[in-house]
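2 protein chains.
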Amino acid sequence: ITDPQFTEKYFTQILDHFNFNSMGNGSFQQRYLITDKYWKTGYGPIFFYTGNEGDIWEFALNSGFIIELAAQQGALVIFAEHRYYGKSLPFGEDSFHIPEVGLLTVEQALADYAVMITELKQELVASDCPVIVFGGSYGGMLSVYMRLKYPNIVAGALAASAPILSTAGLGDPRQFFRDVTADFQNISPECSDAVRGAFGQLKELAERQDYSLIKEKFALCKAPSSPQDVHQLNGLLRNAFTLMAMLDYPYSTHFMGDMPANPVKVGCDTMLSGPDLLTNLRNTAGIVYNSTGELTCFNLYKLFVECADPTGCGLGFNSMAWDYQACTEIDLCFESNNVTDMFPPMFFTEEDRESYCTKRWGVVPRPNWLKVHFWGDDLFTASNIIFSNGDLDPWANGGVRKSLSSSLVAINISGGAHHLDLRGSNDADPGSVIKARKTESQLIEEWVKMEKTRLKHL
Amino acid sequence: ITDPQFTEKYFTQILDHFNFNSMGNGSFQQRYLITDKYWKTGYGPIFFYTGNEGDIWEFALNSGFIIELAAQQGALVIFAEHRYYGKSLPFGEDSFHIPEVGLLTVEQALADYAVMITELKQELVASDCPVIVFGGSYGGMLSVYMRLKYPNIVAGALAASAPILSTAGLGDPRQFFRDVTADFQNISPECSDAVRGAFGQLKELAERQDYSLIKEKFALCKAPSSPQDVHQLNGLLRNAFTLMAMLDYPYSTHFMGDMPANPVKVGCDTMLSGPDLLTNLRNTAGIVYNSTGELTCFNLYKLFVECADPTGCGLGFNSMAWDYQACTEIDLCFESNNVTDMFPPMFFTEEDRESYCTKRWGVVPRPNWLKVHFWGDDLFTASNIIFSNGDLDPWANGGVRKSLSSSLVAINISGGAHHLDLRGSNDADPGSVIKARKTESQLIEEWVKMEKTRLKHL
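If you read the protein sequences in the order shown, they are chains D and F. Its first residue numbered 1, the first sequence is counted upward by one per residue in the UniProt record's numbering. Its first residue numbered 1, the second sequence is counted upward by one per residue in the UniProt record's numbering.
Wrong hints could be hidden among the right ones.
Each pair may be met inside one copy or between any two copies, as identical chains are not told apart.
Here are the simulated DSBU-like pairs of lysine-lysine, each with C-alpha atoms no more than 35 Å apart in a straight line [as the list claims (entries may be wrong)]: (1) Lys37 x Lys371; (2) Lys40 x Lys371; (3) Lys402 x Lys302; (4) Lys121 x Lys359; (5) Lys37 x Lys9; (6) Lys402 x Lys203.
Worth flagging that the hints you see were computed from the coordinates, not collected in a lab.
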């Protein structure tokens, strides 16, 4: 492991980039991490991570590839924290009140990064240093958007596992949980059948209102007492499979909680480990929710937070901020239906979304906005973007899977989970990710060279 | 003249595109003009004028070239009114209160056009119809920005006399009034010398505090009584020359007031018409301020409104809205100094701007914003934009004068004033503008064809 020795700093950021007369007529302190350990000072490129929905240290400590690449290419590395997450709360404890929360938008976050890069380059005497942005998941979306909207500031983007299509309402709402299911089915059809069977048994118990048996089987702290409680349990269980699929890395990790190596395989082994499907299902959920074995019972409403993101808003990330984003710009209307997937039917339609978001935040979602403002699938005029995706990742098919031009490059990582390529090298890495990182490294080196030439002629 | 028979309509527009929890959580009625007289229905392109700082009819009635081009190319024509101008006042009479005025930004205006185009295309069953944006002056800047930020929505832009560089703080603050001066000097050095001499005489009278003679010489309704009044008079006079230079068309026009044909020539003739320079100066100002001869005296503070735009905010355009824009995003810190130009020294520095704008609107201007957000002079990754400029126009050298690539085309119109090319054909047109329009027509036809091919393959 290459210890990057990050320094934690704060940047005085404009509160509201888009209104000169709002409550945002001021500034806030935005956190960022920086290391010049590998930088060819004033000459090497700047690798800038466009922080996403969480504490920036979480991403910095799980994106070792960027550090390895910086060491190779002599780059300065900056990880910027997204406004309203981690310690970058514009209004402190009041940040999630209305109307204070209104300054949480994708556009504001991008403008933050544009302003921060511009000013830090000046401060660091780095005007000739090309900037490459990096991001995973929603952070990858932000990297794409930076290149689309600010090509004057960023020369290229590595967008790892960035679901820019599905979150813009382009695609099939059944895709996500179908692909979660496929991961388990690919281990063995018996595995997905067992999951399906277990959910079926739970459904029967719920229909009989045998709540005490449900409590016992799932080791709940408190017996369910309503269909709502059972719905919550189903959501919690479904989400365990989602997380195992997303985080199906070939070695154990501590990103978004603790995961064993190959969790999908471990999950399937557990699902098929004994005669009682419900016990197996409980133990499988335990891989995610009770990895250390510390919990003596499951608290339904603590372990999973239902919100405008059907994959939940809990588990260490800033739950409220992400809920707000899913209620406004980021469209996550995914469904399970027990036909194209192994889960109970759980729908989240645009109507459900609007009704929930109006109540919760006083906002009306704009399902078309990302298509209008961030181009949807119409990326023809863009350049210098890598769209990398792992085929184990249920988010993958919500992103760009085919290259659109010689500089809009899709990379498939066979056997890869959610932005595996951004993680540091590991002995257990499949050949596909080693190859992907090599391609990424080459493309980024090319972009940096091109941009250096260009900056000279400006 | 091709009568386009515009229909006036209103579009229900989102009040605040960038904050889901602001006072803007609602809509307003945005005016637009539309004509399908020449449209090959559902097939021909859409020519969309990105309205600027004024009543949209003013632009529609002075942009005949767009209509002529539509007739040639079978296009639908839309002229959209900019929010906070004309009848598109989001909060009616309260629109210029604080904080209501805060939703007047370039970004909101662009998002208005993006949303309007998207929805109108759907409504008109025109999804296969490429959109070309047109604009003059600030409207031309908006056309450029539309192509930069929304190439998914617009296939190309004709930006006529768009000072995207000077308004982004790139360039020399002396350029503007130097170029106004050059127009008069090019008629004859005696002309600019006479102007310089007249301003010198005025200065002497002011220094002697001979306010009654100033009143008499300039036919003022009320004698000046302070250096501030003399400053106002100088501003008013300087602005007469600015307007003659900008609107130096070879035939009489009724755009931003009434102008005779070749006003710079007429101005010079007037400046040199009699022995008394001050009388000549008054009569020259009268070309602009008293074209019909109706005024018996000049009201200093009515005829010219000093504001954050050193060329003034009055004369029919929405004075307050433009002042606000010049106080926030659009940087117009131009100076005259009596060395590089023929005018009295009148400075307007960034410090002056900040002090004025803080007092007037409670805002702090962001001089760097257009460079960060709209790329400044770093247009390398853009395409399909025509930057046309007339060399008589003092705004010209604040824009792009050299082609940057085969699809970022600068056109110089020799002997052309402010966006002459957008005006309808006229017998007095110089050959240069006829040629410019032909080039523009060909490029636009190409872009439309390319976009049609592209849309087919999406």
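task = Compare the structure with the hints numbered earlier in the document and write down the numbers of the violated ones, lowest to highest.
result = 3 and 6
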